[in-house]
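Engineer: Each chain, letter by letter, is given below.
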Amino acid sequence: AQSVTQLGSHVSVSEGALVLLRCNYSSSVPPYLFWYVQYPNQGLQLLLKYTTGATLVKGINGFEAEFKKSETSFHLTKPSAHMSDAAEYFCAVTPANQAGTALIFGKGTTLSVSS
Amino acid sequence: ETGVTQSPTHLIKTRGQQVTLRCSSQSGHNTVSWYQQALGQGPQFIFQYYREEENGRGNFPPRFSGLQFPNYSSELNVNALELDDSALYLCASSLAVGGQNIQYFGAGTRLSVL
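Line order of the protein sequences matches chains A and B.
The opening position of the first sequence corresponds to residue 4 in this note's numbering, with each subsequent residue numbered one higher.
The opening position of the second sequence corresponds to residue 249 in this note's numbering, with each subsequent residue numbered one higher.
By construction, these hints were calculated from the structure, which means they are not laboratory data.
None of the hints are false.
Coverage of chain A stretches by chain B, computed from C-beta distances (three or more under 8 Å per stretch; other residues unrestricted): (1) 47 to 58; (2) 104 to 118.
Chain B stretches covered by chain A per the calculated footprint, using a threshold of three residues with CB under 8 Å from any CB of chain A: (3) 282 to 291; (4) 299 to 309.
Derived SDA-like pairs (lysine to any residue); straight-line CA-CA distance at most 20 Å: (5) Lys110(A) to Gln289(B); (6) Lys52(A) to Thr75(A); (7) Lys72(A) to Gln5(A); (8) Lys71(A) to Leu23(A); (9) Lys52(A) to His277(B); (10) Lys61(A) to Asn349(B); (11) Lys52(A) to Asn349(B); (12) Lys72(A) to Leu59(A).
The C-beta atom is built at its ideal place from N, Cα and C for all residues, glycine as well.
Please model the complete structure; the sequences and the hints are all you need to start from.
Structural biologist: Given below as structure tokens:
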């Protein structure tokens, strides 16, 4: 069975500061990992994904995440926060051998950016 | 813009009623998944349809049912609505072809049950 834990339901940063959103997963088989962003009153937009290959993955809007198998982590980072980054962020996992089936989501982290 | 459209955007029903939510998949996608997102929570998997057949189901009762049509559009039906069914319902489409099967989400339908 898979599960996702997002540490910190709410993260606040200043504009220009480093963004770090934490995600730890549990999976009995190799995972595919995803970060999605949700703006108010909207659906989920894919930020980035890890499937195979390079463990450091780059996504849209300057975000990146690193898959660390030994730590079962997939933390999301951005070097410099922008006001437009304020949103809800969700980490999700699915087993690699069942790609395309159910995504298991964490509870989400709300990112606030102040000027 | 993901190419996945859902209707209606908002819906208000009363307890005990039935509701149908609709989803139009991204062109070329043959798989559709439905998720329920309660306020302040992450999305929870309801079920998935692949080529008009149910292809997996989460921990939801049978009063949640679905259909996928030959053009790969989809419906989510909920009978005997309960207050706890109030949530954002998200549809996601993907192309199940040996690969990553990335799911692309619509904007959702917000259902309020009074």
